[in-house]
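Let's have the full structure, built from the sequences with the hints guiding it.
Number of protein chains: 2
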Amino acid sequence: MINAFYKEMTGKESVIRQFFDYSRKRATELGPDSVLNFSIGNPSVPAPESATRAMQTLLAEEDPVTLHGYSPTLGQPTTKAAIAASLNRRFGMDYKAEHIFPTSGAAGALSHALRAVTKPGDTVITFAPYFPEYIPYVTGTGAKLVVVPADISSFQINFKKLEELFTPEVSAILINSPNNPSGIVYTTATIERLAALMTKKQEEYGHEIFLITDEPYREIVFEGTDSPFISKFYDNSLCCYSFSKSLSLPGERIGYLAVNPKAVDAEKIVPMCGQISRFTGHNCPSSLMQRAIEPVLDETSDLSIYERNAVLLYDALTRIGYSVVKPGGTFYMFPKAPVEDANEFCWTAAKELGLIIVPGDSFECPGHFRISYCVPTEQIERAIPLFEELFRRYA
Amino acid sequence: MINAFYKEMTGKESVIRQFFDYSRKRATELGPDSVLNFSIGNPSVPAPESATRAMQTLLAEEDPVTLHGYSPTLGQPTTKAAIAASLNRRFGMDYKAEHIFPTSGAAGALSHALRAVTKPGDTVITFAPYFPEYIPYVTGTGAKLVVVPADISSFQINFKKLEELFTPEVSAILINSPNNPSGIVYTTATIERLAALMTKKQEEYGHEIFLITDEPYREIVFEGTDSPFISKFYDNSLCCYSFSKSLSLPGERIGYLAVNPKAVDAEKIVPMCGQISRFTGHNCPSSLMQRAIEPVLDETSDLSIYERNAVLLYDALTRIGYSVVKPGGTFYMFPKAPVEDANEFCWTAAKELGLIIVPGDSFECPGHFRISYCVPTEQIERAIPLFEELFRRYA
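Chains A and B, in that order, are what the protein sequence lines are.
Residues in the first sequence are numbered from 3 upward in steps of one, following our numbering.
Residues in the second sequence are numbered from 3 upward in steps of one, following our numbering.
Quick caveat, the hints were computed from the structure, so don't treat them as lab data.
Predicted, not measured: the structure shown is a model, and the values here were computed from it.
Wrong hints could be hidden among the right ones.
Pairs involving identical chains hold if they fit within one copy or between any two copies, as the list cannot separate such chains.
Unchecked claim - In silico BS3-like links for lysine-lysine, alpha-carbon gap of 25 Å or less: (1) K234 <-> K98; (2) K146 <-> K121; (3) K9 <-> K146; (4) K121 <-> K264; (5) K270 <-> K14; (6) K203 <-> K146.
What follows is the structure, encoded as structure tokens:
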């Protein structure tokens, strides 16, 4: 029998999707110049040539039976070891291959991390503004997602609210830094304070509380930004990573879960992920892609355009009069709308001027809007006068 | 908090895995000649050169931002259209691109199919002998797996038992043909009878009952075998396919779910799968792999070795005195053990003679054992005297 829950959902497109579809429709009807699409977080720079070469070399030189053969359930041993070594080298950690679980992107990593350290009925806390897919990621495990309201002055953590919302049912906290949609990076002070509070709560409740860190933007951090490696600060931590943004390989679905070697049951969590996969139908990422990233783990695409765009856009918007918390990384910015209803602001902007931006309501942070600036710089330049026109209309 | 359910599972390796690990250990200790491993279904022939060339051409010629970019949630449109066209051409079906959902192998397809047409508490029926991963695949959805005992005379369907086990809670039936572990292909008569019974039960219970067909071995069918395209015979059917065996790409995790265009809500099921992915953390398969299979959809690896091995092994085993139902495809054979306890038979065989075969208990069909003959023919030749020695020991 057709499942009524999923059937009913098919009618309901996400707001980001609606904006994206509107953008495509307008471009088709009025021409590509009629629309400036800032709705989607798709990398705009190519994968490094070294990544392409790594794939080509494997295809040319390796025995195809081995190259394309089943990956062990817990991942290619050489890939796991290479990821551990890279993290240790870069961040002074102590990962071993057994702590690394290759996944189909950060989504795969999160779906395993959440199942490994929660059970149905538990609470998972996250912080607004947050990536809306956290709702199905968390509720799909049977746990409940509780959202701490944003501190809109800095988009760091609202600790007062966090303490109020803490209960003994909390088994995990899910953070995303550098953050989509705010572009903010949690500071060392923020992470230290979060770790101290979680440590205190672990003692108070008598059970471990895991910190799940969603870090696909880790490599996109702007000059002068304090960007701590979060797992250094808290033992019971699971780092969820994706090469989608750093190597511009989002469609290849390659990422990993890294279990903090100091976590409770650290040596058991990757084997648990292997079990979890059997129930969700997840599989190891492509064998070719696991092997191909090995030699380029410490490289990235040329990510400099994102910072150039950030500076250009931030300077222009603040000059115009927008209130914007300065992003420390990613390719997102999350200004305050110059009118209370950011939905109306975005739909008006989209419909009348061809500026496609997403209202903050989608990220549980109304009154703001998200600009995805992983676009050619020229698109930013063309958009600035439109942002100015919009601001004047409301101011 | 660490999830106790998954943690407890990590101690329990599957029996197939235990045999595989034993095999590796013995090879390391006593040398590779000391063990003849027939425990694993890993293709032993390379991917066709045309598949490798397709990957190379894409890497050489396509814009990497597009090539490695996010696939649409419901799959690459050109890949979907090409799969539909191939199925229509080969099997006289009427699929459109919208009926095809690319997945990470057959496992991904099954995990979506099961969630799309069952709800927690429903019953899913399958038939012994069956692939043991069906247990987590089905129970992971919240449904219950009910197993119809094997008809060991033919390994076709035991219809008497099926009728007895049918209840109004049955919302789907899951079949695997060509079958792992028996190597049997369900005949046209079997499929027609199953379809007639399911149609009758749909009317009797007043709700649809879906037929989920797990078909990774569809292309490995031996000469003279009646091998119907199952979805032709029953409208409410979801075909789950993988290129793992036909193109020898198991590690690339590329397959699809094909929704019968005549199914109830046929146009809704692929969008439902897009929703299901959000809850399980599944992602589209690799963008590169989706594109790479397009030009080789009607090709296969050189699969002839599997039939050569099948004939050689079947003739030898029956000559020795084993009772074997002749396989019609796959690279599995499922003889009756010459002793009641196939577990003891296999562990004895494995331990003493270095023959690694898997007891039928793993497939809920005791008294039999599975031979995976996706191995060099020379390995079969070396194994035959050992199978003979074993038989004599018990006979």
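Results for each hint:
Taking the closest pair of Cα atoms, K234 and K98 come within 25 Å of each other only inside a single copy of the chain (15 Å); across copies the shortest separation is 51 Å, beyond that limit. Taking the closest pair of Cα atoms, K146 and K121 come within 25 Å of each other both inside a single copy (10 Å) and across two copies (20 Å). Taking the closest pair of Cα atoms, K9 and K146 come within 25 Å of each other both inside a single copy (22 Å) and across two copies (21 Å). For a Cα distance limit of 25 Å, the shortest separation of K121 from K264 inside one copy, 22 Å, qualifies, whereas the shortest one across copies, 39 Å, does not.
In this assembly of identical chains, the alpha carbons of K270 and K14 lie at most 25 Å apart only when taken from different copies (12 Å versus 39 Å within one copy). In this homomeric assembly, K203 and K146 come within 25 Å of each other (Cα to Cα) only inside a single copy, at 18 Å, whereas the closest approach across copies is 38 Å.
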